[in-house]
Amino acid sequence: MQFIKNKISSYIRFLADNQQVFLSLLLILLVPGILVFNTVFVVKSMDDNMNYELRLKAEMAGSIVARYSSDLLGDPTQLQAKIKLTVDESLHSSTRKVTIMVPEGENFQVLASSDQSEISQIRPQLQYTVAWHQHATIAQLVQTVQNHQTERLWQVVTPIATPTGSKLGLVEILVSTADMDARTQTVLVNSVLVLVASIGLVLLLIANNARLFQYALLFHKLQEVDKMKDNFISIASHELKTPVTAAKGFLSLVEQEKQVLPAEIQSDINKANMSLERLSDLVNDLLNVSRIEQKRLAIDPVPTDIRTVVGEVFEDLSGSAQKKGLTIEYHPFTGELPPVLIDPAKFRQIMVNLLTNAIKYTISGKVEVNIIFEDLGKVAVSVKDTGIGMSAGDMEKLFTQFYRVRNRKARDIVGTGLGLWITKQLTEMMDGKILVESIEDVGSRFTVVFSVIPTKKK
Amino acid sequence: MFNSITKMTKKKSSLSTLANHKTISDARRMLPLAELKILMVEDDPFLRDLYQRIFDRASIKVELARDGEEGFDVVKAQKPDLMLLDVMLPGITGPELLSKMAKELEYVPMVIMLSDLDQIGVKDKCINLGAKAFISKNDVSGPELLRKVEEILKA
Numbered sequence: 024m025q026f027i028k029n030k031i032s033s034y035i036r037f038l039a040d041n042q043q044v045f046l047s048l049l050l051i052l053l054v055p056g057i058l059v060f061n062t063v064f065v066v067k068s069m070d071d072n073m074n075y076e077l078r079l080k081a082e083m084a085g086s087i088v089a090r091y092s093s094d095l096l097g098d099p100t101q102l103q104a105k106i107k108l109t110v111d112e113s114l115h116s117s118t119r120k121v122t123i124m125v126p127e128g129e130n131f132q133v134l135a136s137s138d139q140s141e142i143s144q145i146r147p148q149l150q151y152t153v154a155w156h157q158h159a160t161i162a163q164l165v166q167t168v169q170n171h172q173t174e175r176l177w178q179v180v181t182p183i184a185t186p187t188g189s190k191l192g193l194v195e196i197l198v199s200t201a202d203m204d205a206r207t208q209t210v211l212v213n214s215v216l217v218l219v220a221s222i223g224l225v226l227l228l229i230a231n232n233a234r235l236f237q238y239a240l241l242f243h244k245l246q247e248v249d250k251m252k253d254n255f256i257s258i259a260s261h262e263l264k265t266p267v268t269a270a271k272g273f274l275s276l277v278e279q280e281k282q283v284l285p286a287e288i289q290s291d292i293n294k295a296n297m298s299l300e301r302l303s304d305l306v307n308d309l310l311n312v313s314r315i316e317q318k319r320l321a322i323d324p325v326p327t328d329i330r331t332v333v334g335e336v337f338e339d340l341s342g343s344a345q346k347k348g349l350t351i352e353y354h355p356f357t358g359e360l361p362p363v364l365i366d367p368a369k370f371r372q373i374m375v376n377l378l379t380n381a382i383k384y385t386i387s388g389k390v391e392v393n394i395i396f397e398d399l400g401k402v403a404v405s406v407k408d409t410g411i412g413m414s415a416g417d418m419e420k421l422f423t424q425f426y427r428v429r430n431r432k433a434r435d436i437v438g439t440g441l442g443l444w445i446t447k448q449l450t451e452m453m454d455g456k457i458l459v460e461s462i463e464d465v466g467s468r469f470t471v472v473f474s475v476i477p478t479k480k481k
Numbered sequence: 055m056f057n058s059i060t061k062m063t064k065k066k067s068s069l070s071t072l073a074n075h076k077t078i079s080d081a082r083r084m085l086p087l088a089e090l091k092i093l094m095v096e097d098d099p100f101l102r103d104l105y106q107r108i109f110d111r112a113s114i115k116v117e118l119a120r121d122g123e124e125g126f127d128v129v130k131a132q133k134p135d136l137m138l139l140d141v142m143l144p145g146i147t148g149p150e151l152l153s154k155m156a157k158e159l160e161y162v163p164m165v166i167m168l169s170d171l172d173q174i175g176v177k178d179k180c181i182n183l184g185a186k187a188f189i190s191k192n193d194v195s196g197p198e199l200l201r202k203v204e205e206i207l208k209a
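Top to bottom, those sequences are chains H and V.
In the working numbering, each residue's number is its place in the first sequence (first place is 1) plus 23.
In the working numbering, each residue's number is its place in the second sequence (first place is 1) plus 54.
Isolated chain V (complex conformation) (with noise of 0.2 Å):
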């Protein structure tokens, strides 16, 4: 009985965290932005294409996805390094695509959450489900946002 408990609880564990799957290697890492294949989540076209200018003006390549089903899709497919994925999305929510990578993707890039930090609950969840760390996308200007993200990437 003890057996089977203890194989319970370990299934439990990998299925809440990101911890136990592949990600992006800590060589890879290190090397500068341009050279990684990133992803963005993000619903709102406006801000779609900001965020398209920015990464084009620091001559940064960046596959923009519209929503969650595209982004596992694109996730699922082309293995991106580095994943800024917006808490707020219309259908499956960030939050519940994270935990979805988790659960059904054997690969799962580094995910750097993009939101206003301020909801009761929700930074704690996206960490447990496996996010690197939070950015709040209102705060920061362009430069700024790859300024902090390169930040993450390395630490």
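Chain H extracted, bound-state conformation (with noise of 0.2 Å):
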């Protein structure tokens, strides 16, 4: 019993907490609901307007025999025969009898009937009662049993009256429900199955609906979760670079001195310096990321000549290629060069980032720099090597968080596979575009794209 208790308030408290679920399950009940009440509601009103109707023409039946009638009271044969006629010809199938009645004593007296049989049949004055006292056409509603079937009828009593108004005798006008009856029968049961299937459509979509609701959640939860990774980067990143920059900085005091120390330790140093190296630029990747993730990295776009900072990042990166034995070559456009609209110093951060990619992913041979106008409003740098090149595979998630190449030929190769995605993202936030080509075992190519800023012509 206490079990049935938790669980009943748990579920409570669920829907209490996810107002959002409350309210779907509230519509999910109301809209198949109210089509039931809605089938139900319109086919009873149906069906009551039928039975007016019905019960309506009876009554004007009744008044136009009770008229036509009162004049023949005399003569019943010629009454007989009229009445026979009316119900015959001129009175729907439904009708099932037409009776006139006279008073005799206390009861009433059969004078003419369509049913010839009753004729002279003595009624007892309770039936009619009502109507010949208040002078009122009265129906109700009667049933009958013949040959074991049920027949539901409408019985309406109408007086016959002078004009003058002195009461004569009494029609009776028996009306069968029955065509009425079969007729609201078929459209009922057509409702039935209407509303069936509506349900049953309502249903399948509460079900469909359900699942996405499971997705909703999950999604609202993932959102959360995406924010919070995001969050603990950024704080972590931040708390990182202290620690980094101070190592960096007396490390750096010990370079300076470092000539009168042994080779070993001088050697020993370089190499420290180079994984604080790799941690720094680590910890400049994971805070770039987090800043262009959260849509908190400022770009300042100025009227710059590309060529200034790929100069400048040529002149600083050449020395670590021709250290590796490599050819390193810078074609800029000798013409004039329209500016673009970017960011200097992110700019650079591109340009470095691809330079030490060709660098790093070349084994031998050449890395090529060449700036490409055509005069077509767009400006294109392209960094060309022949490294290990990549797969089409490699190509496809190149610019993804993390993705690195990972074969023999790359195996010693370090890095953390962020630059690339953080040169996408500064590209594009700059109104660029870049395009990478590769062949395996041949090299790759590198290409950025800005659209110049256009210049008026007077």
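By construction, these hints were calculated from the structure, which means they are not laboratory data.
Please read all numbers here as calculations on a predicted model, not as lab measurements.
Some hints here could point you the wrong way.
[What the hints assert, rightly or not] Think about it this way: if two alpha-carbon atoms lie no more than 25 Å apart in a straight line, the pair counts; the simulated BS3-like pairs of lysine-lysine are: (1) K264(H) x K177(V); (2) K264(H) x K179(V); (3) K264(H) x K202(V); (4) K346(H) x K383(H); (5) K177(V) x K318(H); (6) K179(V) x K115(V); (7) K294(H) x K281(H); (8) K179(V) x K318(H).
Can you join these two chains into the complex? Each is in its own frame, and there are hints to help.
Structural data, given as structure tokens:
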């Protein structure tokens, strides 16, 4: 018992917490509920209406018969003939019986009737008192059993009176509801079928929605977790920066004096420095990633001659290429080059990334930097190498976070896997595009394209 | 009414920059670093140690403050020529110290901010509050830092 209570209260708490779920459940119950209610209500109304119409018709018929009967009460034979004619030819097939009665003592006697066997029959006054004394048409539903079959009939009793108002007799019309009932039945059956189909459909939709619910809840959770991850990276990277800066700083102090140290110790210091550089790069990359993800990275675009930055980076890095035994060339565009709207610091980052990659992944041969301008509104910088290249599969995933080409040739090459992702983001943030072409074992070419600032022609 | 409006706007502008304050004179700016009074505000103890070593190596005297409050007190008491101010500080932050000095002091040193430049809006905010320039402390080694400071000072 306690267990059930706990279960119920936990469900209630869940609903209270997730108002969305509660409201949706409410809707799920309401929609089929409304459908059912509507169907029942409509069918009932229709039934009532048809009944009403039937009664009305019967009353009308009663009035008409009463009208012409008032003249013929003295001539029963003619009256009879007329009644027969009326029933056979004028009135609807649902009319079961038309009976004319006149008062006979306390009761009424049948004067004429569509059922000839009933002529001269005495009818107890009880059934007709109200109509007689009220001098009004009374209608009521009665049930008769005939041949084991129950039939519902409208019994409409209309008084026959002289134009002056003295009561002469009564007209009783019996109209069967059988026909009407049959029609109603058909409609009811159809409605119920449609109702069941609709509810079935709604239930299917609900079942589908239930899954969607789960997805929605899951999605919400995922968003939260994603934000947490971004916050974590941001905080962690910041915290990491300080000790890395301190370590680098002290090591650089040592570097300045290292000539007095034995070669072995110098070498150890160099290695420590290199590791620190890698760590520093990773922390910087992580910080950049987190800033880019959280849209907190500032871009200050200014009109820049692209050659200035490319030239600088080339100068800075050509040393390391030559140390590796590679040829490194720079072919700037020699004509007039319009400026581009870029953030020079971020563009420098892009160039450093592309050029270091080219040098890193080339064992021997050449690294070439080209600036291409064909006066079509765009300027391109390409970094081409004769390195290990990559497969089509690698190229597809190349710009994703932490992706690194992993094969025997790239075995010894270190990196964070974040550089190209950052490069792509930075490029696109400055409205540029980055393209890669590569053939395994032949080399790769990375191209960044930017639009030049259109010069207003005077 | 016009007078009171212009008075109000004038007051605002004097609070938002250090431009109207007394600061290091042009003559003193041209002196070598070793002859200037330098204050550095840095909260991390290891980095403070490092900067002390860097300045020692170059035979330059430097005063070190541990946070914004201390920095403010030193500026008030000793009126240094140059201040190297970290953006991220516990308690009162770098930018907050800038505006506090602008509001409460007559004399304000030339301020160079030390930070990562990439946070949206920080650079502009600090320049508006009176900082002269930015140096990214993580990317420069000891001698480079001093060289950059000289550059900015003499500019």
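Q.
When the structure is checked against the list of hints, which entries are broken? Sort them ascending.
A. 6
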